[in-house]
Amino acid sequence: MAKRSAPEVNAGSMADIAFLLLIFFLVTTDIAVDSGLSRKLPPWEPETVDPPKIKEKNIFTLTLNSNNEILLTSGGDSERLAIKDLRERTTAFLDNGGGKGKDACKRCQGAKNPESSDNLQKAVISLANDRLTDYKTYITVQNEILAAYNVIRNREFKKDYPNLKMNFVEATEMYQDRAIDDKVRENLKEKLEAIKLVVPQKFSEAEAKRD
Amino acid sequence: MSKFKKKKDGGLPPISTASLPDIVFMLLFFFMVATVIKEDNLIIENKLPKANQVEKLDKQKPISYIYIGKPSANYVDTYGTEDRIQLNDKLQRVKDVQAFVAAERAALAEELVPTLTVSLKVDKDAKMGLLTDVKQELRKTNALKINYTTKKGDVLTN
Chain A
89 MAKRSAPEVN
99 AGSMADIAFL
109 LLIFFLVTTD
119 IAVDSGLSRK
129 LPPWEPETVD
139 PPKIKEKNIF
149 TLTLNSNNEI
159 LLTSGGDSER
169 LAIKDLRERT
179 TAFLDNGGGK
189 GKDACKRCQG
199 AKNPESSDNL
209 QKAVISLAND
219 RLTDYKTYIT
229 VQNEILAAYN
239 VIRNREFKKD
249 YPNLKMNFVE
259 ATEMYQDRAI
269 DDKVRENLKE
279 KLEAIKLVVP
289 QKFSEAEAKR
299 D
Chain B
2 MSKFKKKKDG
12 GLPPISTASL
22 PDIVFMLLFF
32 FMVATVIKED
42 NLIIENKLPK
52 ANQVEKLDKQ
62 KPISYIYIGK
72 PSANYVDTYG
82 TEDRIQLNDK
92 LQRVKDVQAF
102 VAAERAALAE
112 ELVPTLTVSL
122 KVDKDAKMGL
132 LTDVKQELRK
142 TNALKINYTT
152 KKGDVLTN
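As they're listed, the protein sequences go chains A and B. The first sequence lines up with residues 89 to 299 when you count with my numbering. The second sequence lines up with residues 2 to 159 when you count with my numbering.
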């Protein structure tokens with residue numbers, strides 16, 4: 089018998105099949121968005137409890153109207169505020185440290201204006217929005233407030249734990265990374281909690297006004 | 002002489018395409034791994050706003066999604082142009098949010114219930130009114146961990 093080699097299988101259409109699959113996956117999937125601004129809502133209280141008394145100078149009130157403009161009320165004055173100035177002004181308010189005696193703020197590095205917030209523990213940011221405010225404006229304001237807290241938290245974290253060579257935000261990211269050793273993460277968690285106590289987020293939201 | 006002639010006869014050899022399937026398969030596997038199949042079929046517009054102080058959502062903890070936005074162009078005739086809430090595959094009303102959260106909780110193991118995070122995917126042009134109502138409902142049903150899901154980017158370009 090004559091020696092015959094096995095006929096080669098034609099693999100020319102393999103590329104077509106693979107392309108078909110590729111296009112199917114390209115069309116049916118989208119890269120998942122899995123990040124955002126995490127917040128905690130206050131628990132529901134049906135009966136109105138007397139609100140805690142807070143000195144006016146310790147409140148930084150932001151009001152968003154239906155035209156997406158920001159009104160800032162702080163220390164008795166009201167003014168219209170541009171979004172680009174919001175982060176700076178919020179940081180200045182939180183970091184003011186105008187308190188004296190037992191209200192004195194050791195960590196603050198601000199202007200020590202007696203008309204502005206006493207210390208980091210007492211400074212409260214209040215946000216009220218209209219029902220017709222755009223969501224993107226609301227998110228922008230939320231983002232800037234969070235940024236202001238992060239500025240101060242980063243600074244305090246670096247000051248308290250200089251040998252870690254990272255800031256609060258980086259440490260939070262590292263803590264959330266499950267690929268890192270558990271012991272390291274537990275250690276980070278303690279430090280993060282400590283900073284959160286030093287620089288608490290006192291942030292209150294009023295229910296949207298009805299028109 | 003004849004040896005030289007023979008070589009010139011062949012012309013350009015065809016380029017081998019044998020490795021093409023391999024390349025395409027590599028691309029295919031990349032996309033299969035890097036993408037997630039859409040969880041819900043959206044009947045509303047859902048362009049998320051941008052923010053830069055974002056935290057990653059922990060995928061190992063349970064997440065429920067609430068979508069808010071205007072009905073997309075195909076559904077304007079049926080549902081109008083007002084902002085609507087989408088839970089799973091249907092447009093629902095504000096009062097249905099509590100039932101939705103209850104159903105999501107019922108599907109979880111008991112120890113995971115307190116870790117449930119509600120991811121609010123709200124269109125950037127939606128108005129705050131409806132979102133405020135949804136947040137009140139979430140407070141009533143004690144689902145307090147929320148996440149305003151956003152894209153990463155500069156807020157000033159929102």
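Do not rely on the hints blindly, as some may be mistaken.
Stated by the list, open to error - Using 25 Å as the maximum straight-line C-alpha spacing, the simulated BS3-like pairs for lysine-lysine come out as follows:
(1) A/Lys271 - B/Lys62
(2) B/Lys60 - A/Lys279
(3) B/Lys146 - A/Lys284
(4) A/Lys143 - B/Lys153
(5) A/Lys247 - A/Lys194
(6) B/Lys152 - A/Lys128
(7) B/Lys146 - B/Lys60
(8) B/Lys62 - A/Lys284
(9) B/Lys146 - A/Lys128
(10) A/Lys188 - A/Lys172
(11) B/Lys153 - A/Lys172
(12) A/Lys141 - A/Lys284
(13) A/Lys128 - A/Lys188
(14) A/Lys128 - A/Lys279
(15) B/Lys153 - B/Lys96
(16) A/Lys271 - B/Lys57
(17) A/Lys277 - B/Lys71
(18) A/Lys128 - A/Lys277
(19) A/Lys290 - B/Lys91
(20) B/Lys146 - A/Lys194
Don't read these hints as lab results, they were simulated from the structure.
Results for each hint:
no., hint, verdict
1, A/Lys271 - B/Lys62, "holds, 21 Å"
2, B/Lys60 - A/Lys279, "holds, 24 Å"
3, B/Lys146 - A/Lys284, "holds, 17 Å"
4, A/Lys143 - B/Lys153, "violated, 37 Å"
5, A/Lys247 - A/Lys194, "holds, 13 Å"
6, B/Lys152 - A/Lys128, "holds, 20 Å"
7, B/Lys146 - B/Lys60, "holds, 14 Å"
8, B/Lys62 - A/Lys284, "holds, 22 Å"
9, B/Lys146 - A/Lys128, "holds, 5 Å"
10, A/Lys188 - A/Lys172, "violated, 31 Å"
11, B/Lys153 - A/Lys172, "holds, 18 Å"
12, A/Lys141 - A/Lys284, "holds, 23 Å"
13, A/Lys128 - A/Lys188, "violated, 32 Å"
14, A/Lys128 - A/Lys279, "holds, 21 Å"
15, B/Lys153 - B/Lys96, "violated, 32 Å"
16, A/Lys271 - B/Lys57, "holds, 21 Å"
17, A/Lys277 - B/Lys71, "violated, 41 Å"
18, A/Lys128 - A/Lys277, "holds, 19 Å"
19, A/Lys290 - B/Lys91, "violated, 37 Å"
20, B/Lys146 - A/Lys194, "violated, 32 Å"
Violated hints for the displayed structure, listed by number in ascending order: 4, 10, 13, 15, 17, 19, 20.
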